[in-house]
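Protein sequences appear in the order of chains A and B. Under the numbering used here, the final residue of the first sequence carries the number 326; numbering is consecutive throughout. Under the numbering used here, the final residue of the second sequence carries the number 1262; numbering is consecutive throughout.
Quick caveat, the hints were computed from the structure, so don't treat them as lab data. It is possible that some hints are incorrect.
Unchecked claim - Lysine to any residue pairs mimicking SDA-like chemistry, simulated, CA-CA at most 25 Å apart:
id	chain 1	residue 1	chain 2	residue 2
1	A	K127	A	K73
2	A	K127	B	L1041
3	A	K100	B	F1080
4	A	K87	B	L1180
5	A	K100	B	G1031
6	A	K73	B	A1108
7	A	K106	B	P1171
8	A	K73	A	E123
9	A	K100	A	G63
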Amino acid sequence: MSITVDRVSKRFERFQALKEVSLEVPSGSLTALLGPSGSGKSTLLRVIAGLETPDEGEVSIGGERVTHLPPQKRGVGFVFQHYAPFKHMTVWENVAFGLKVRRLPKPEIHRRVRELLELVQLEGWAKHYPSQLSGGQRQRMALARTLAVEPSVLLLDEPFGALDAQVRSDLRRWLRRLHDEIGVTTVLVTHDQEEAMEVADRIAVMHQGRIEQTGMPSEVYDHPESEFVMAFLGRVNRLGGALIRPHDVSILSRPTPGTREAMIERVVHLGFEVRVEMLLGDGSPLCAQLSRDEAAFLDLRQGRIVYVDVGAGRTFEPSQLHRAAS
Amino acid sequence: MARLMLRAAALTYLALILLLPLGMMVLRAFGSGPVQVWRALTSPDALHALWLTVLIALIVVPLNAAFGVLCALVLVRHEFGGKRALNALVGLPLSLSPVVVGLALLLAYGQDSWFGGWLAESGIRLIFSLPGMVLATLFVSLPFVVREVVPVLREVGREQEEAASTLGASPWRTLLSITLPSIGPGVAYGVVLTTARALGEFGAVSVVSGNVEGRTQTLTMYVADRFEQFDVTGAYAASLLLALLGVATLLMMNRISRRQGR
Chain A
1 MSITVDRVSK RFERFQALKE VSLEVPSGSL TALLGPSGSG KSTLLRVIAG LETPDEGEVS
61 IGGERVTHLP PQKRGVGFVF QHYAPFKHMT VWENVAFGLK VRRLPKPEIH RRVRELLELV
121 QLEGWAKHYP SQLSGGQRQR MALARTLAVE PSVLLLDEPF GALDAQVRSD LRRWLRRLHD
181 EIGVTTVLVT HDQEEAMEVA DRIAVMHQGR IEQTGMPSEV YDHPESEFVM AFLGRVNRLG
241 GALIRPHDVS ILSRPTPGTR EAMIERVVHL GFEVRVEMLL GDGSPLCAQL SRDEAAFLDL
301 RQGRIVYVDV GAGRTFEPSQ LHRAAS
Chain B
1001 MARLMLRAAA LTYLALILLL PLGMMVLRAF GSGPVQVWRA LTSPDALHAL WLTVLIALIV
1061 VPLNAAFGVL CALVLVRHEF GGKRALNALV GLPLSLSPVV VGLALLLAYG QDSWFGGWLA
1121 ESGIRLIFSL PGMVLATLFV SLPFVVREVV PVLREVGREQ EEAASTLGAS PWRTLLSITL
1181 PSIGPGVAYG VVLTTARALG EFGAVSVVSG NVEGRTQTLT MYVADRFEQF DVTGAYAASL
1241 LLALLGVATL LMMNRISRRQ GR
C-alpha cells in the first residue's frame, strides 16, 4: 500500500525534527530515507508508524488518513534499530506474539510461526531466548515477528546498523530478495549511502528536518539537486565553488591543455579500486579514484608529479547552497 | 599480607556488628531450655502478635507492590510538572524517622483531628486499631518497590512496548505481557524489601497502635513489651522468631537476585 506524508512537522522541546516534510511512497516500492544522524529520518519513520504524533500535517496509508490512529490500528510493521526483542520470550513466542494478540486459532499460529522461522532461517532456534542469538539472528527474528502480522507496510529503522560488515551485506541482499518475493511496501532508514543505493529502488535524502531530494538511486547520484545531496551520496573534491567526484578526475602522465599539475601524496589500494590522494600546485588537496589496472599503467607512486583533468565539476545555485547550509 | 589484613578487618567488623549480638540472642533464648521457648512462643499474646504482624504484611505488601509499580510507571513514563518533587516525596519515608511518621498520622487521623473526628462520627476508627497500623506500615514501606522498579523501567526502555503496539497489542495487553514481565525481577526484589520492612516496623506502628496487649500488639512491640516486663525468655524467643522471618526474606532475596543474574 502507498504511503503519503503531507507537510508534516514535529518539534521536540527546542529541537525541530521535521519541517513540513512531504513524501510519496509508491505501493510495492522499497524506499530508503537517507541522511546523517539528526536529519529527522527516524522521526519521520516513527511518525508513519504512529509512534510519534506530528504537530502538523497528515499521514495516509493506502489512501486512508491515519494521522490520529495509534500504532496498533495502522497495520504497519516496524523493525527497530536494536530489534527490540521481547527478552523474556523465546524466539517462537516472539514471532507468535502478534498472532496471539489477534487471537488466531492455535494450529494456525503454529503453522505460520513455523513458516516464518523457515523464511528467516531460524528453524532450529525456536526454543532459544533472544540473548542466546547473534546480532544477525536477532535481526531476522525481529523481521519474522513483524512479518507474522502481514503488515500493509514494512518500516525498518537502521536495520543493519549494529551488525558487522559481512553480516550486513548478506542481510542487505537477503532483504532485497525478500522484498521482491513478498512485495510489501517498505521504508528503510539508513545513514549509509551505499546501503541505500544497493537495496532501495527510491531514495529520499534528508537533511536538517527536510527532504532535499527524492528519486531513483542513479537519478539522485547523477543529478544531485543540492550540494548537500552530492556530498552525502559519495566522496567529493571541493575546488573553489565546484564539486567533483573522485572517479571523474582523470590522471595523465604528461601535461595537455587544461590540465593541472599535482603531486601524489598517497596511493591507497582498495581491492579493485585505487584511491590517489594528491596536492595541487596551490596546495589544495585532490582525490581521484581509478581502477587497479589504470593505476598500474600510469605507475602511480608517492612523490610523483602527474597532470590532472578535473573538468568543470558541479556548482550549485547560492539558494541551494543556502538551503543546504541552513 | 595486605589482602589478609583487609579480609581480617572486614570479618572482625561483621562478627562484632552482626554475629556476636545474633549469636548471643540465640544462646540467651535457649538458655532456659527449648520447652520454655516453645511455651513463650505459643502463649496467646505471642501468637496474636505473630498473627497481627503477618496480617499487616499481607495487606501492606500487595498494596504497596501494586501502587509502587503504578508510581514507578508514572514517574518514568509520564512527563508532568512537579515530577521531581514527586520523585523526592516518594523517597521521603526512607529518611523520616518512623516515630515522626507515627505522630504525623496521629495528628492527621486521630480523634482530635478534623478528619479523624469526622471518621469517628461515621463509626470508623483508624488510630489505636488495625487500619491505623496498616496505614503506618504502608507509609514506611512505600519507597521500596518504587525505588527498585524505577531504574529497571529506565533500563528496559520503551522499545519493547512500542514493538508490541506495532504488532497490534492494546496498551493494556502491552502492560500485562511486556512491561510487567520485563520488570518482574525488580518488583520481586522490591516486594522482599517491603516485606522485611513491614515485618520489622516498630516506631510508627507503636505510636498509632496504642500498644494494647493481645489486641494491637505486633511482634516487634511484643518483644519490647516482654523485655520491659523482665520476661527475658519471652523477649528473646519472639526476637528469634522475627530474626527467622528476616532470614527467610533474605533467602528469598538471594534466590531472586541469582535468577536475575542468570
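Results of checking the hints against the structure:
no., hint, in the structure
1, K127/A x K73/A, "violated, 30 Å"
2, K127/A x L1041/B, "violated, 50 Å"
3, K100/A x F1080/B, "violated, 34 Å"
4, K87/A x L1180/B, "holds, 12 Å"
5, K100/A x G1031/B, "violated, 62 Å"
6, K73/A x A1108/B, "violated, 48 Å"
7, K106/A x P1171/B, "holds, 23 Å"
8, K73/A x E123/A, "violated, 30 Å"
9, K100/A x G63/A, "violated, 28 Å"
When the structure is compared with the earlier hints, violations turn up for hints 1, 2, 3, 5, 6, 8 and 9 and for no others.
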